[in-house]
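**Q** Residues per chain are reported as follows:
Protein chains: 2
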Amino acid sequence: MLDMSKLTLYGSSISGNCLKGKWAADLFGLSYDWVEIDILAGESRTDAFLAMNPNGQVPVLQIPGEGVLDQSNAILIYLAETAGSDLIPANAVDRARMMSWLFWEQYNHEASIAVRRFRKAYLGLPDADIDPQLLPKGYSALERMEAALDGQDWICGDAMTLADIALVAYTRVAHEGGYELARFPLVLDWIIRTETKLDIPHAREGL
Amino acid sequence: MLDMSKLTLYGSSISGNCLKGKWAADLFGLSYDWVEIDILAGESRTDAFLAMNPNGQVPVLQIPGEGVLDQSNAILIYLAETAGSDLIPANAVDRARMMSWLFWEQYNHEASIAVRRFRKAYLGLPDADIDPQLLPKGYSALERMEAALDGQDWICGDAMTLADIALVAYTRVAHEGGYELARFPLVLDWIIRTETKLDIPHAREGL
Numbered sequence: 004m005l006d007m008s009k010l011t012l013y014g015s016s017i018s019g020n021c022l023k024g025k026w027a028a029d030l031f032g033l034s035y036d037w038v039e040i041d042i043l044a045g046e047s048r049t050d051a052f053l054a055m056n057p058n059g060q061v062p063v064l065q066i067p068g069e070g071v072l073d074q075s076n077a078i079l080i081y082l083a084e085t086a087g088s089d090l091i092p093a094n095a096v097d098r099a100r101m102m103s104w105l106f107w108e109q110y111n112h113e114a115s116i117a118v119r120r121f122r123k124a125y126l127g128l129p130d131a132d133i134d135p136q137l138l139p140k141g142y143s144a145l146e147r148m149e150a151a152l153d154g155q156d157w158i159c160g161d162a163m164t165l166a167d168i169a170l171v172a173y174t175r176v177a178h179e180g181g182y183e184l185a186r187f188p189l190v191l192d193w194i195i196r197t198e199t200k201l202d203i204p205h206a207r208e209g210l
Numbered sequence: 004m005l006d007m008s009k010l011t012l013y014g015s016s017i018s019g020n021c022l023k024g025k026w027a028a029d030l031f032g033l034s035y036d037w038v039e040i041d042i043l044a045g046e047s048r049t050d051a052f053l054a055m056n057p058n059g060q061v062p063v064l065q066i067p068g069e070g071v072l073d074q075s076n077a078i079l080i081y082l083a084e085t086a087g088s089d090l091i092p093a094n095a096v097d098r099a100r101m102m103s104w105l106f107w108e109q110y111n112h113e114a115s116i117a118v119r120r121f122r123k124a125y126l127g128l129p130d131a132d133i134d135p136q137l138l139p140k141g142y143s144a145l146e147r148m149e150a151a152l153d154g155q156d157w158i159c160g161d162a163m164t165l166a167d168i169a170l171v172a173y174t175r176v177a178h179e180g181g182y183e184l185a186r187f188p189l190v191l192d193w194i195i196r197t198e199t200k201l202d203i204p205h206a207r208e209g210l
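Heads up: the sequence lines are chains E and W, in that order. In the numbering used here, each number is its position in the first sequence, counted from 1, plus 3. In the numbering used here, each number is its position in the second sequence, counted from 1, plus 3.
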């Protein structure tokens, strides 16, 4: 039985979007239950799941007495605010820039790199059956990150923010989508830096 | 000459993403300059524009002494915080739910409805040359909005939030993308309600 007085995170361990919330909750020392949802087996489409989240998506955060919250980056923001984390910049402009990266992550990065990785590595599709735009779009996203990391350790500047957690989720497994991370040495260093802060294993090739 | 001591919003008047910031700044009574960028004529790809925003996208908000900020919904959040607007809920869970809708707007709603509208109405592509998934994806987004508005006046509940501004931007012109808004009576009422609050003209068919 789940403890309904605690946060519950419903997610799939193969989904970077789901792992974001898990890593953040662990980093912040928040108490929560993790419920594994096998998305490949259709567990996010069952009647019971849809009764909880009609959108049929993971991750979902169940908040005691408050119902559910979805969208991975909204969950990240909520967990950081709840924990009083300094991963949300106090300065309004810095905070807005972090928000900008979070929206960019979903629209440009996740929508290309995560989608290609899922189709290639989990659906097992041959390259010829995958939208050919996803490869150049993903590389364009990685190029923007490489440029952002020129002269600074973290995506938003000298300090780690939620943008690093959001962006590392699929960047660290981009090779599973057919992207050559070796082309992006600053991104590679940043992946290790972020994985180390989050205390999670290295996922990339050659380590 | 632009007044560099004021906010400057670079945007295209045919882009809902750009209009969001304009409407919000007007609603909040913020002082700003609007610089029209003709995206169809390539004005967001000139050397001068790219020097300001290497991402080559509008909208861009120039903040006095602070450089630029992009991503339409990050701009919305920044403007609302700057103005002390109550369109950002004070309660943490309500605020997180609004954030969830803002991320959903970009990933699910804009990425289908705005994209199809641009290809159909501005690039003049015939339906056969437009990704066939955009129509059902956009209708699915409109269905979710219709369900959300059942029993409440605004997307997040009884009060208007930034989610209403973000979502109305392309919902009010969805018919230009080939979507039949008449199927969604609650959405139609909400469009008028939101346009009235924003003091902007009605854009939809049949009015």
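Since the hints were derived computationally from the structure, they do not count as laboratory data. Predicted model only: the values in this text are computed from it and were never measured. Don't take each hint at face value.
Note that identical chains are pooled: a pair holds if it fits in a single copy or bridges any two copies.
Taking lysine to aspartate or glutamate and the DMTMM-like style, the derived pairs with C-alpha atoms no more than 25 Å apart in a straight line are [said to hold, decoys possible]: (1) K9 <-> D153; (2) K140 <-> D130; (3) K123 <-> D134; (4) K25 <-> D134; (5) K140 <-> D36; (6) K123 <-> D29; (7) K200 <-> D134; (8) K200 <-> D130; (9) K9 <-> D132; (10) K25 <-> E146; (11) K25 <-> D130; (12) K9 <-> D134; (13) K123 <-> D36; (14) K9 <-> D161; (15) K140 <-> D153; (16) K140 <-> D41; (17) K200 <-> E149; (18) K140 <-> D161; (19) K140 <-> E84; (20) K25 <-> D202; (21) K9 <-> D97; (22) K123 <-> E69; (23) K140 <-> D50; (24) K9 <-> E179.
**Q** Are the CA atoms of K123 and D36 at most 25 Å apart within a copy, between copies, both, or neither?
**A** neither (30 Å within a copy, 46 Å between copies)
**Q** If the cut is 25 Å between Cα atoms, do K200 and D134 qualify within a copy, between copies, both or neither?
**A** Answer is neither: 34 Å inside a copy and 41 Å across each miss the 25 Å cutoff.
**Q** I want to check one pair: K123 and D134. Are their C-alpha atoms no more than 25 Å apart within a copy, between two copies, both, or neither?
**A** both (11 Å within a copy, 21 Å between copies)
**Q** Is it within a copy, between copies, both, or neither that the alpha carbon of K123 lies no farther than 25 Å from that of D29?
**A** neither (30 Å within a copy, 46 Å between copies)
**Q** Within a copy, between copies, both or neither: which one fits K140 and D130 at a CA-CA cutoff of 25 Å?
**A** Both ways: K140 and D130 sit 15 Å apart in one copy and 24 Å across, limit 25 Å.
**Q** Within a copy, between copies, both or neither: which one fits K200 and D130 at a CA-CA cutoff of 25 Å?
**A** So K200 and D130 fail the 25 Å test inside a copy (34 Å) and across (49 Å) alike.
**Q** Can you tell me if K25 and D130 fall within 25 Å by alpha carbon in one copy, between copies, both or neither?
**A** This pair counts as neither: shortest intra-copy Cα distance 31 Å, inter-copy 42 Å.
**Q** How do K25 and D202 come out at 25 Å by Cα distance, when the copy is not named: within, between, both, or neither?
**A** within (12 Å within a copy, 43 Å between copies)
**Q** For K140 vs E84, is the C-alpha pair at or below 25 Å within one copy, between two copies, both, or neither?
**A** neither (32 Å within a copy, 32 Å between copies)
**Q** First find the shortest C-alpha distance between K25 and E146 inside one copy, then the shortest across copies, and answer within, between, both or neither for a cut-off of 25 Å.
**A** neither (27 Å within a copy, 30 Å between copies)
**Q** How would you classify K9 and D97 at a CA-CA limit of 25 Å: within, between, both, or neither?
**A** Intra 31 Å, inter 18 Å, cutoff 25 Å: inter-copy only.
**Q** Using 25 Å as the alpha-carbon threshold, which applies to K140 and D153: within, between, both, or neither?
**A** Within one copy only: 21 Å inside, 38 Å across.
In terms of the numbered hints stated before, the structure departs from hints 1, 4, 5, 6, 7, 8, 9, 10, 11, 12, 13, 14, 18, 19, 22, 24, listed from lowest to highest.
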